[in-house]
Amino acid sequence: MASLEPIAVSAPPGRGRIAWRRYFSNPLLVTGTAIMSVVALLALLAPWTTSYDPYSIETLNRLQPPSGEHLFGTDQLGRDVFTRVVYGIRVSLLVGASVTAIAGAIGLLVGLASAYSPVCDHIFMRICDGLYAFPSILLAISIVAIMGPQTGNVILALTIVYIPSIARIVRSAALVVQEKTFIEGLRAQGAGVFRIMGLHMLPNVLSPLIVQASFVFAVSILTEASLSFLGAGIPAPEPSLGNLLLDGKNVIFKAWWMTVFPGVFIILMILGLNLLGDGLRDFLDPGAGSNNRFAKRKKAVRRRRRRSD
Amino acid sequence: MTKYIVQRVLSLVPVLIVVAVVVFLLIHLSPGDPASVILGDEASEESVAELRSRLGLDLPLYRQFFVWFGGVVTGDLGDSIFMDMSVTEAFFSRLQPTLSLAVLAQTIAVGIALLLGIAAARRRGTLTDQAVMGFSLLGISVPSFLLGLFLILLFAVKLKWLPVAGYAPISSGLWNHLRYLILPAMVLGFMQAALIARMTRSSLIEALGEPYIKTARAKGLKPGVVTYKHALRNAFIPILTVIGETFGTLITGASVVESVFNVPGIGQLIISSIQRRDFAVIQGSILLITVTYVLLNLAIDLVYGLLDPRVKLNGGRGR
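Respectively, the protein sequence lines represent chains A and B. Counting in my numbering, the first sequence runs from 772 upward without gaps. Counting in my numbering, the second sequence runs from 296 upward without gaps.
Calculated directly from the structure, the hints in this document are not laboratory data. Honestly, I wouldn't trust all of these hints.
[Stated by the list, open to error] Computed, partial: chain B to chain A, Cβ under 7 Å: (1) 310; (2) 313; (3) 321; (4) 324; (5) 438; (6) 441; (7) 448; (8) 551; (9) 566; (10) 581; (11) 585.
Glycine included, C-beta positions come from ideal geometry on N, C-alpha and C.
Build the full structure now, drawing on both the sequences and the hints.
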């Protein structure tokens, strides 16, 4: 049953090119990736994009408005706001990426296990329901506040808060896949649990997982900013977009630039990630998307067929 | 119907148990002894020991849980360490500002959302539709505290129309009361409007595609009558659900906005308790809020079942 090889050979030529064309015909995805690439590059290349140090205090230059020298002005301790924004984006991306990776991995395991075993399903899904009932910000803020405001604890708290949303999506996708005849066939052939889950279920739940992960990335950046803004997130001297805004709030009458610039970057990042998520949904699952021309045509055909029945 | 109600209510039991366990465990997350964390570094050995026994921290973990849970079930959530009152009293004394804010915000949200959602659905695929969807995407992409800061910059700092922050009780006059609440209510209303407008649009579009709409049009009814009397009525149940759900998040999730605008509501109570490490208040308020949220969702589900005879009796609505 060497059925794997012929598939690779018979793959339609130019599949890559078709994927690229589909990518470029998806404005949401293109805009989303463009925004995120620019923001990520700016942050990852921080030592080169700015010549200032995010921590160096120059009391003589306190609260300077934006100028050629300080693009986004300076803060109440004379630190360069642009530099702090750039380093703050680094922290946001670090938190977002860590939470997405850890919550994604655990959520994937929990979701697959729940779909496979009814016992796991009962236990895990009740826990998820319980965690889901909490207002996410309040749960996260109390965890961080009680464990102590540290970057690691912020990541831990957000991971706990967002595992249920991933686990639920994976579980419901896996339940659908499980009903398919090919899984039944595998079982009849005597394939083991891990073979079925790892090689056959996993690839089929990846696309909803990726889409959900991009939204978790966005909300964890948003929640981290809120936590830091409330003083229960990233601790003070380290710049994060949330605590930059907290500094900005205290001098909002004198220094608008300390609120506007970090704010614009948060909005850009979250907008970018949301566009990316919507775009990915259309890209990975053409049937579900409504903004996709291909999907619209398909739907129209289906509707016409139904009408003629 | 009774079967549906009983099932739905019973399904809450495990959820509430998990919620109680998580809330109980929260206090034990603190690195080191909670009693010495509460009292700070300068506290003497004796006072720490006294607080330990007062909080029951000497007991084994499972007994602590049952003591605490027994209190919760009988309505005793403990006493605040910093305020001279019980947790329940503290909670209910802060309820009024939160409720005022939620009602005002929801009024704004529903007004904007219905207007935009209906306009978008009627002109599907046009510039209006795209503008509404863009607004809605922006609504879920802007953090609430940030929108709050921007509105403060515009209306309080630049234009000086409204106060920056604060709160006046309703007894000081309705206008005075509203003056302080307008900005925070606009922030919350805008975020909720984004969600409700999305739901209005999609459910109205779905209803407009139904065969009875074609019949109504074929009868020669005016487009307005078709949209409002025929389609909107049928589209209204999912919209009502999302309105109810977002009202739940308004009561529970306004904490950030409350703290930006210094509104002395429940959110601010929790955040200031967190800063003071007043563990009993944190636990109690989060528990009360979460239970309120769960019960609100239950109420919505039951009303939904009453309103829509099509709701299957053996299954709830997926979340």
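Close enough to count: is the Cβ of residue 581/B nearer than 7 Å to one in chain A?
With Cβ-Cβ at 6 Å, under 7 Å, it holds.
So, as I understand it, the hint says residue 321/B touches chain A; can you test that by seeing if any CB pair is closer than 7 Å?
6 Å, holds
Taking the least C-beta to C-beta distance, is residue 313/B closer than 7 Å to chain A?
Constraint on residue 313/B satisfied, holds at 2 Å.
Grab the minimum C-beta distance from residue 438/B to chain A and call the hint holds if it beats 7 Å, violated otherwise.
OK, holds: residue 438/B within 7 Å of chain A, min 5 Å.
Should the hint that residue 585/B touches chain A count as held when the rule is a Cβ pair under 7 Å?
5 Å, holds
Does residue 551/B pass the interface hint, meaning its C-beta sits closer than 7 Å to a C-beta of chain A?
Holds - the Cβ of residue 551/B comes within 7 Å of chain A, reaching about 5 Å at its closest.
Taking the least C-beta to C-beta distance, is residue 310/B closer than 7 Å to chain A?
Where the cut-off is 7 Å and the nearest Cβ of chain A is about 5 Å from residue 310/B, the hint holds.
Would you check whether residue 441/B satisfies its interface hint, that is, whether its CB is within less than 7 Å of any CB in chain A?
5 Å, holds
Would you check whether residue 324/B satisfies its interface hint, that is, whether its CB is within less than 7 Å of any CB in chain A?
At 5 Å from the nearest chain A Cβ, residue 324/B passes the 7 Å test, so the hint holds.
Hint validity - residue 566/B Cβ closer than 7 Å to any chain A Cβ:
Cβ of residue 566/B sits 6 Å from chain A, so the hint holds.
Holds or violated: is there a CB of chain A closer than 7 Å to the CB of residue 448/B?
With a closest approach of 6 Å, the residue 448/B hint holds.
No hint from the list above goes unmet by this structure.
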